[in-house]
Amino acid sequence: MAMFSQNPVLDGPNYSFAEAPQVRADGFREHRFNPYTDNGGTTVAIAGDGFAMMAGDTRSTSGYSINTRFAPKVFKIGGSTSSQEDANILLSVVGFAADGEALKERLDAICKMYRYRHGKPMTVNACAKRLSTILYQKRFFPYYVYAILGGLDEENKGAVYSYDPVGSYEREQCRAGGAAASLIMPFLDNQVNFKNQYIPGSGVGHALQERERTPLPRSDVEVLVKDAFDSAVERHIEVGDALQVMIITKDGIEEKILPLKKD
Amino acid sequence: MDHRPQAWGRPRDDVYGAYDASYMQTNNGPTQHTQQPIVTGTSVVAIKFKDGVVIAADNLASYGSLARFTDVKRLRKFAGTSVVGFGGDVSDMQYLDRHLTELSIDEAYKSDPGHSLNARNLHKYLSKLMYHRRSKFDPLWNSLLVAGLDDDQKPFLAATDLLGTTFTSPSLATGFGSVLAQPIMRRYAPDEESAAQLTQEKAVEVIKECMKVLFYRDARSMDKYSIAVITKDGVDLKENEKLENQSWAFADRIKGYGTQTV
Numbered sequence: 233m234a235m236f237s238q239n240p241v242l243d244g245p246n247y248s249f250a251e252a253p254q255v256r257a258d259g260f261r262e263h264r265f266n267p268y269t270d271n272g273g274t275t276v277a278i279a280g281d282g283f284a285m286m287a288g289d290t291r292s293t294s295g296y297s298i299n300t301r302f303a304p305k306v307f308k309i310g311g312s313t314s315s316q317e318d319a320n321i322l323l324s325v326v327g328f329a330a331d332g333e334a335l336k337e338r339l340d341a342i343c344k345m346y347r348y349r350h351g352k353p354m355t356v357n358a359c360a361k362r363l364s365t366i367l368y369q370k371r372f373f374p375y376y377v378y379a380i381l382g383g384l385d386e387e388n389k390g391a392v393y394s395y396d397p398v399g400s401y402e403r404e405q406c407r408a409g410g411a412a413a414s415l416i417m418p419f420l421d422n423q424v425n426f427k428n429q430y431i432p433g434s435g436v437g438h439a440l441q442e443r444e445r446t447p448l449p450r451s452d453v454e455v456l457v458k459d460a461f462d463s464a465v466e467r468h469i470e471v472g473d474a475l476q477v478m479i480i481t482k483d484g485i486e487e488k489i490l491p492l493k494k495d
Numbered sequence: 095m096d097h098r099p100q101a102w103g104r105p106r107d108d109v110y111g112a113y114d115a116s117y118m119q120t121n122n123g124p125t126q127h128t129q130q131p132i133v134t135g136t137s138v139v140a141i142k143f144k145d146g147v148v149i150a151a152d153n154l155a156s157y158g159s160l161a162r163f164t165d166v167k168r169l170r171k172f173a174g175t176s177v178v179g180f181g182g183d184v185s186d187m188q189y190l191d192r193h194l195t196e197l198s199i200d201e202a203y204k205s206d207p208g209h210s211l212n213a214r215n216l217h218k219y220l221s222k223l224m225y226h227r228r229s230k231f232d233p234l235w236n237s238l239l240v241a242g243l244d245d246d247q248k249p250f251l252a253a254t255d256l257l258g259t260t261f262t263s264p265s266l267a268t269g270f271g272s273v274l275a276q277p278i279m280r281r282y283a284p285d286e287e288s289a290a291q292l293t294q295e296k297a298v299e300v301i302k303e304c305m306k307v308l309f310y311r312d313a314r315s316m317d318k319y320s321i322a323v324i325t326k327d328g329v330d331l332k333e334n335e336k337l338e339n340q341s342w343a344f345a346d347r348i349k350g351y352g353t354q355t356v
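Top line first, the protein sequences correspond to chains P and G.
Going by this note's numbering, the first sequence wraps up at 495, each residue one higher than the last.
Going by this note's numbering, the second sequence wraps up at 356, each residue one higher than the last.
Warning: the hint list may mix true and false statements.
Which stretches of chain P does chain G cover? Using the computed rule of at least three CB atoms under 8 Å from a CB of chain G, they are [stated by the list, open to error]:
hint : segment
1    : 268–282
2    : 328–335
3    : 386–396
Pairs of lysine-lysine, PhoX-like flavour, derived with a Cα cap of 25 Å [stated by the list, open to error]:
hint : chain 1 : residue 1 : chain 2 : residue 2
4    : G       : 332       : G       : 171
5    : G       : 230       : P       : 370
6    : P       : 361       : P       : 482
7    : G       : 326       : G       : 302
8    : G       : 326       : G       : 296
9    : G       : 318       : P       : 344
10   : P       : 361       : P       : 344
11   : G       : 218       : P       : 336
12   : P       : 370       : P       : 344
13   : G       : 171       : G       : 318
14   : G       : 230       : P       : 336
15   : G       : 302       : G       : 167
16   : P       : 370       : G       : 222
17   : G       : 171       : P       : 336
18   : G       : 326       : G       : 171
19   : G       : 144       : G       : 332
20   : G       : 302       : P       : 488
21   : G       : 167       : G       : 349
22   : G       : 230       : G       : 248
23   : G       : 144       : P       : 494
24   : P       : 427       : P       : 370
25   : P       : 427       : P       : 336
26   : G       : 306       : G       : 171
27   : P       : 427       : P       : 389
28   : G       : 144       : P       : 370
29   : G       : 222       : P       : 344
30   : G       : 222       : G       : 171
31   : G       : 302       : G       : 144
For the record, the hints were derived by calculation from the structure and aren't laboratory data.
Glycine included, C-beta positions come from ideal geometry on N, C-alpha and C.
Model the full structure from these sequences, guided by the hints.
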């Protein structure tokens, strides 16, 4: 922990070495069971015109050890069976994996109950609100996860909703979550939302015009996501092994597994 | 007179005075949770091969650095089709063992013949149990490996720990084994495809090699161990194996770590 605490990019909870007894101000050592750990990993979600793409690496870590090289963290939600063939929503969870699994199973059960009672799948924005309330219900013993929900809205436009562990959420065009979020998010700001991009020769000072924002085509997004993860793998030890990509369009959900560096 | 059933068979208060329950152990204090493991088992190692899974753990239960119990069996059969390997607190292991015995009896009565819980079902059950207990701030201080076959009769191997974290991999190890044994096993089974090529003989050989390395370098380990091979034909569990052909002959070739000057 101390090794990286000076690094502003990795500031905040990162490696889970908090097992040692805490020394209190009065000098007594306090043994306390820590119900959380950090399993590393990173997720990215980007909304396009007629699609939404969710991606996550498949490495699961504890400290410097790799638990497994293949633990997917993007899930189909709310299909009518456990095979999730007719699912219309994607959920990615990163942070504490056991909480992530519990959260996924709860949201999935709720979406399945909705489908059973109403005879139609839940819309993405309804599901997004519901996920927020689920997270907030555990406000004082939170699910330690950064969740991102993806799907298509009523106009078949890509929708991405991002959350903090206690349920604050907003709809966005793109979001990175987890261990390397701080490495990937600025790249996405520039490449998806065209931040700091201006029209050449449009003027100086206030006359300078920003590049017009438009949703990216799918081919561009696929390249962007792969590049983002390849870069994160180089600079973050908790990211790597394989990249799981899910693309949701009006024709359904496609899944791809691409290799990443395993070092 | 008090005719309520609660009073039946008890000394009457109006004759003998109020019953003095002070000698009884009543739990009036705060509820005690496991704060730390006391008697512990060390690593469990396991690897998949083409027809099943091999899993092993030594027979030692340590009390801190004291080798306290030397014949503790840390591999447990379930329903004749799966094996659970326990690391961590031994009393919590014994609790889980009783719990699983009860579960398997209930399941044997309830379900149709040939439809008992398989390893995947068992792992899901145990991980839910572990997560539930951590959420109550009363964890079962163990890391578990569950080995067996899944719904499609394919080899299944998964882990869960005191936090309820779960993962699967072609090879798994708990405790010290995750740093000492896992790199050895990953040489033979880096991915599912290569695990599906491994023969049973090779897998057993790799596991025995891992147990030997662990005995060399894990101070809380022992040379007596249990090993189980799980295939379609059932579980072959041997609980009194002994490591063979160890030698520290290589030790005098190791240089550069200590204070030696030559």
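Okay, the hints, checked on the actual structure:
no.	hint	in the structure
1	268–282	holds (count 3)
2	328–335	holds (count 5)
3	386–396	violated (count 0)
4	332/G to 171/G	holds (11 Å)
5	230/G to 370/P	holds (13 Å)
6	361/P to 482/P	holds (22 Å)
7	326/G to 302/G	holds (22 Å)
8	326/G to 296/G	holds (18 Å)
9	318/G to 344/P	violated (50 Å)
10	361/P to 344/P	holds (16 Å)
11	218/G to 336/P	holds (14 Å)
12	370/P to 344/P	holds (21 Å)
13	171/G to 318/G	holds (19 Å)
14	230/G to 336/P	holds (20 Å)
15	302/G to 167/G	holds (17 Å)
16	370/P to 222/G	holds (18 Å)
17	171/G to 336/P	violated (31 Å)
18	326/G to 171/G	holds (14 Å)
19	144/G to 332/G	holds (20 Å)
20	302/G to 488/P	violated (37 Å)
21	167/G to 349/G	violated (37 Å)
22	230/G to 248/G	violated (34 Å)
23	144/G to 494/P	holds (24 Å)
24	427/P to 370/P	violated (35 Å)
25	427/P to 336/P	violated (33 Å)
26	306/G to 171/G	holds (23 Å)
27	427/P to 389/P	holds (22 Å)
28	144/G to 370/P	violated (43 Å)
29	222/G to 344/P	holds (20 Å)
30	222/G to 171/G	holds (19 Å)
31	302/G to 144/G	holds (18 Å)
The earlier numbered hints that this structure contradicts are 3, 9, 17, 20, 21, 22, 24, 25, 28.
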